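Enquirer: Top line first, the protein sequences correspond to chains A and B. Sequential numbering of the first sequence, starting at 1, is according to the working numbering. Sequential numbering of the second sequence, starting at 1, is according to the working numbering.
For the record, the hints were derived by calculation from the structure and aren't laboratory data. A hint or two may mislead.
[Stated by the list, open to error] As a list, the in silico SDA-like pairs of lysine to any residue whose alpha-carbon atoms are at most 25 Å apart:
{"hint": "1", "chain 1": "B", "residue 1": "K50", "chain 2": "B", "residue 2": "V73"}
{"hint": "2", "chain 1": "A", "residue 1": "K157", "chain 2": "A", "residue 2": "A109"}
{"hint": "3", "chain 1": "A", "residue 1": "K75", "chain 2": "B", "residue 2": "S177"}
{"hint": "4", "chain 1": "A", "residue 1": "K75", "chain 2": "B", "residue 2": "L205"}
{"hint": "5", "chain 1": "B", "residue 1": "K180", "chain 2": "A", "residue 2": "H94"}
{"hint": "6", "chain 1": "B", "residue 1": "K50", "chain 2": "B", "residue 2": "V227"}
{"hint": "7", "chain 1": "A", "residue 1": "K75", "chain 2": "B", "residue 2": "F105"}
{"hint": "8", "chain 1": "A", "residue 1": "K157", "chain 2": "A", "residue 2": "E139"}
{"hint": "9", "chain 1": "A", "residue 1": "K157", "chain 2": "A", "residue 2": "V21"}
{"hint": "10", "chain 1": "B", "residue 1": "K50", "chain 2": "B", "residue 2": "Q139"}
{"hint": "11", "chain 1": "B", "residue 1": "K180", "chain 2": "A", "residue 2": "E44"}
{"hint": "12", "chain 1": "A", "residue 1": "K46", "chain 2": "B", "residue 2": "G175"}
{"hint": "13", "chain 1": "B", "residue 1": "K180", "chain 2": "A", "residue 2": "P51"}
{"hint": "14", "chain 1": "B", "residue 1": "K46", "chain 2": "B", "residue 2": "W228"}
{"hint": "15", "chain 1": "A", "residue 1": "K75", "chain 2": "B", "residue 2": "P87"}
{"hint": "16", "chain 1": "B", "residue 1": "K46", "chain 2": "B", "residue 2": "A66"}
{"hint": "17", "chain 1": "A", "residue 1": "K46", "chain 2": "A", "residue 2": "V151"}
{"hint": "18", "chain 1": "B", "residue 1": "K180", "chain 2": "A", "residue 2": "R130"}
[Claimed, not checked] Have a look at the derived ranges for each label pair, beta carbon to beta carbon:
{"hint": "19", "chain 1": "A", "residue 1": "P127", "chain 2": "B", "residue 2": "S200", "range": "23 to 33 Å"}
{"hint": "20", "chain 1": "A", "residue 1": "P45", "chain 2": "B", "residue 2": "P137", "range": "40 to 50 Å"}
{"hint": "21", "chain 1": "A", "residue 1": "A109", "chain 2": "B", "residue 2": "R135", "range": "48 to 58 Å"}
{"hint": "22", "chain 1": "A", "residue 1": "A109", "chain 2": "B", "residue 2": "L123", "range": "33 to 43 Å"}
{"hint": "23", "chain 1": "A", "residue 1": "V124", "chain 2": "B", "residue 2": "G234", "range": "52 to 62 Å"}
{"hint": "24", "chain 1": "A", "residue 1": "L23", "chain 2": "B", "residue 2": "A6", "range": "53 to 63 Å"}
{"hint": "25", "chain 1": "A", "residue 1": "V153", "chain 2": "B", "residue 2": "E95", "range": "39 to 49 Å"}
{"hint": "26", "chain 1": "B", "residue 1": "Q166", "chain 2": "A", "residue 2": "P127", "range": "17 to 27 Å"}
{"hint": "27", "chain 1": "A", "residue 1": "R100", "chain 2": "B", "residue 2": "V86", "range": "20 to 30 Å"}
{"hint": "28", "chain 1": "A", "residue 1": "P127", "chain 2": "B", "residue 2": "Q97", "range": "47 to 57 Å"}
{"hint": "29", "chain 1": "B", "residue 1": "R135", "chain 2": "A", "residue 2": "G126", "range": "40 to 50 Å"}
{"hint": "30", "chain 1": "A", "residue 1": "V25", "chain 2": "B", "residue 2": "R20", "range": "45 to 55 Å"}
{"hint": "31", "chain 1": "B", "residue 1": "L169", "chain 2": "A", "residue 2": "H125", "range": "33 to 43 Å"}
The model shown is predicted, which means the values in this text are computed figures rather than measured ones. We treat Cβ as the ideally placed atom computed from N, Cα and C, and that holds for glycine.
The primary structure of each chain is shown beneath.
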Amino acid sequence: MPDEESRDGETESISRRDVVVRLGVGACALAAAGSAAVTLDFLEPKVLFEPQTTFVAGAPLDFADGTVRFNREQKAYVIGTAGGVYALSAVCTHLGCITRFRSEQRMIACPCHGSQFDLEGNVVHGPAPRSLPWLEVSENASGSLVVETRVIVPQGKLFRV
Amino acid sequence: MRVSLASRVRGSAVYRSIVRHGTTATNRNRSLVVFENLFLHVHPVKVREKTLRFTHTFWLGGITLACAFILFVGGIPLMFYYHPSVPQAYRDMKELQYVVDNGVFLRNLHRWAAHAMVLVAVLHMLRVFYHRAYRPPRQFNWVIGVLLLLATLLLSYTGYLLPWDQLSLWGVSVGTSMVKEAPFIGERIRFYLLGGNVVSENALLRFYVLHCVVLPVALLLLVSVHVWRVRKDGGVQGPAGAERKNEP
Chain A
1 MPDEESRDGE TESISRRDVV VRLGVGACAL AAAGSAAVTL DFLEPKVLFE PQTTFVAGAP
61 LDFADGTVRF NREQKAYVIG TAGGVYALSA VCTHLGCITR FRSEQRMIAC PCHGSQFDLE
121 GNVVHGPAPR SLPWLEVSEN ASGSLVVETR VIVPQGKLFR V
Chain B
1 MRVSLASRVR GSAVYRSIVR HGTTATNRNR SLVVFENLFL HVHPVKVREK TLRFTHTFWL
61 GGITLACAFI LFVGGIPLMF YYHPSVPQAY RDMKELQYVV DNGVFLRNLH RWAAHAMVLV
121 AVLHMLRVFY HRAYRPPRQF NWVIGVLLLL ATLLLSYTGY LLPWDQLSLW GVSVGTSMVK
181 EAPFIGERIR FYLLGGNVVS ENALLRFYVL HCVVLPVALL LLVSVHVWRV RKDGGVQGPA
241 GAERKNEP
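So here's chain B without its partners, still in its complex pose:
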């Protein structure tokens, strides 16, 4: 009897040591695929078919997550060509655009995905609001969502400084002047944020670290909790009427 290569791999001791469940297409195995995988277990094991329909959620959360994925994966190669120093940062940005193979594609991909992520995240929030999906038992996930929006906006803003062009410089001058208006501690926060009194190389380095390490890690943790809570709170909630119609 000829055994296909795929099934020989799936039957091997190495494969079975990684994936414990069998290969037969039973409902139990299908559940185990989700249960026993670190990355999939944040998802519900079973979902209703209608909740997957586009008009149910408009896939807005998923599109936001896809944007985040593009930004994570596309941001890393950009880091290989970027020095957070003056005036090298601006030159590196130009080099990415005009010299590095596919550099302009990666940079533009990062830029457009960032714009899209902010836009779609806001639409996602509107969708959740109008579908009244923020109400118990999902009230805590709404809070996580607000923190995610904050992380998204901060990522967007810290990324704005990195090209070190006129737009960046004045964007950050304006933004950090807004910070200064916070009562009592505004001046202090601005000093810590900029690493000085003026928008300088220190500020560029601090924004770089925030953009590439601190905020992405925060976003990853929050996204994990957010998706996992969707499962724990009983799956996605679409239009309120749709739920009631199907009740027996």
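In isolation and in its complexed conformation, chain A is listed as follows:
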């Protein structure tokens, strides 16, 4: 139909077949996108049976100046100083191995790739790119120290005893 085609010289004419094909392709694309979204949502676990992220470290008086306690399950150190108590993540910032406190050298070392940290979490020796994060320490109703391993606090923020 030349009349229809020349009605608007700027835009090219679209046949009925084209419209139906594009509708079909569009519907399929929409369904595929929907399926992808639903699948992605399906793959995200909604309930996790993982270890709790908080733990009771003990009474404040247990942490005299120089005390370092390692909690294996929660992967954290709780360290007592003259000014107060702080908690340090024991997960190496390099690739996630669990570091160890070396009591004779008073430092923290990673067995996987040899990173070393001081007791404030600063990197003494690579390859770790960042210092160990400080974790939130608070007090519960019975006066015991509670560490929340998911909350990172600025370095130097002591829990005053």
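Once you have looked at the hints, place chain B on chain A.
Expert: For chain B alone, kept in the frame of chain A given last:
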């Protein structure tokens, strides 16, 4: 006239319904053997004799494929004795080694074939690179090859977690920490990959499904396209000089 059993079978209606071409040793029939077989038709019907020589390609692609075949066939019996759960996975691995008849052979075969496949696939890539066989018209097959290398490495890596020993656990801790470093979506990918925030039973199950279903299917599809493209792109290309010498 005595007719041999083999030729009676080949002449039977059942056999002829499966294999249409005749049994006579003509060039046409030899071509039909390849043409009319689903598994063989990905191959070229005719190849030059010199391209079959060991020094032409060092058979690296074929050896990689043979490794993949060993891994597919040998992996299935291993699955009969393996539960992807904690702590059963580690016990099953030990049971395979010390209790199951030929279990240690199958496990070691799977392990060594996996190591060999990664090594030979890399050598195959080097061979293709130095023979300049990645150039047109084979450029797309190079891309397929890169995807195959990726699938091979991922298969190797997901298989690493399955014994659930110290090496596995820390290997996967390290690997998924690397994933976390991807910009913006790293944390998200790690969460989906592990099915949680820590390397746990969820992670073991996810790696198991990836290792036994998702990645093998992907590899099989890609290998099929890869071999078929070799045929479509004019057969294997060896050293560039060898081609020119034979040109009239």
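Enquirer: State for each hint whether it applies.
Expert: Going down the list of hints, with the structure as the test:
1. B/K50 x B/V73: Given that 25 Å is the threshold and the Cα spacing comes to 31 Å, the pair is violated.
2. A/K157 x A/A109: holds, 23 Å
3. A/K75 x B/S177: Answer holds: A/K75 to B/S177 is near 16 Å, not above 25 Å.
4. A/K75 x B/L205: Given pair A/K75, B/L205 holds - Cα atoms ~24 Å apart, limit 25 Å.
5. B/K180 x A/H94: holds, 11 Å
6. B/K50 x B/V227: holds, 19 Å
7. A/K75 x B/F105: violated, 38 Å
8. A/K157 x A/E139: Status holds; Cα separation ~15 Å.
9. A/K157 x A/V21: The given pair, whose Cα atoms are some 64 Å apart, is violated under the 25 Å limit.
10. B/K50 x B/Q139: Holds, because 23 Å separates the two Cα atoms, which is no more than 25 Å.
11. B/K180 x A/E44: holds, 16 Å
12. A/K46 x B/G175: holds, 24 Å
13. B/K180 x A/P51: holds, 20 Å
14. B/K46 x B/W228: Answer holds: B/K46 to B/W228 is near 14 Å, not above 25 Å.
15. A/K75 x B/P87: holds, 21 Å
16. B/K46 x B/A66: It holds: about 21 Å lies between the C-alpha atoms, which stays within 25 Å.
17. A/K46 x A/V151: The given pair, whose Cα atoms are some 21 Å apart, holds under the 25 Å limit.
18. B/K180 x A/R130: The hint holds at about 15 Å.
19. A/P127 x B/S200: 23 to 33 Å: holds, 26 Å
20. A/P45 x B/P137: 40 to 50 Å: Holds - the Cβ-Cβ distance for A/P45 and B/P137, about 46 Å, lies within 40 to 50 Å.
21. A/A109 x B/R135: 48 to 58 Å: Between A/A109 and B/R135, where Cβ atoms are some 51 Å apart, the hint holds.
22. A/A109 x B/L123: 33 to 43 Å: At roughly 38 Å between Cβ atoms, B/L123 and A/A109 fall inside 33 to 43 Å, so the hint holds.
23. A/V124 x B/G234: 52 to 62 Å: holds, 60 Å
24. A/L23 x B/A6: 53 to 63 Å: About 59 Å separates the Cβ atoms of A/L23 and B/A6, which means 53 to 63 Å holds.
25. A/V153 x B/E95: 39 to 49 Å: Hint holds: Cβ distance 47 Å, inside 39 to 49 Å.
26. B/Q166 x A/P127: 17 to 27 Å: At roughly 21 Å between Cβ atoms, A/P127 and B/Q166 fall inside 17 to 27 Å, so the hint holds.
27. A/R100 x B/V86: 20 to 30 Å: holds, 24 Å
28. A/P127 x B/Q97: 47 to 57 Å: violated, 35 Å
29. B/R135 x A/G126: 40 to 50 Å: Since B/R135 and A/G126 have Cβ atoms about 42 Å apart, the given range 40 to 50 Å holds.
30. A/V25 x B/R20: 45 to 55 Å: violated, 38 Å
31. B/L169 x A/H125: 33 to 43 Å: Violated: the Cβ-Cβ distance is about 24 Å, outside 33 to 43 Å.
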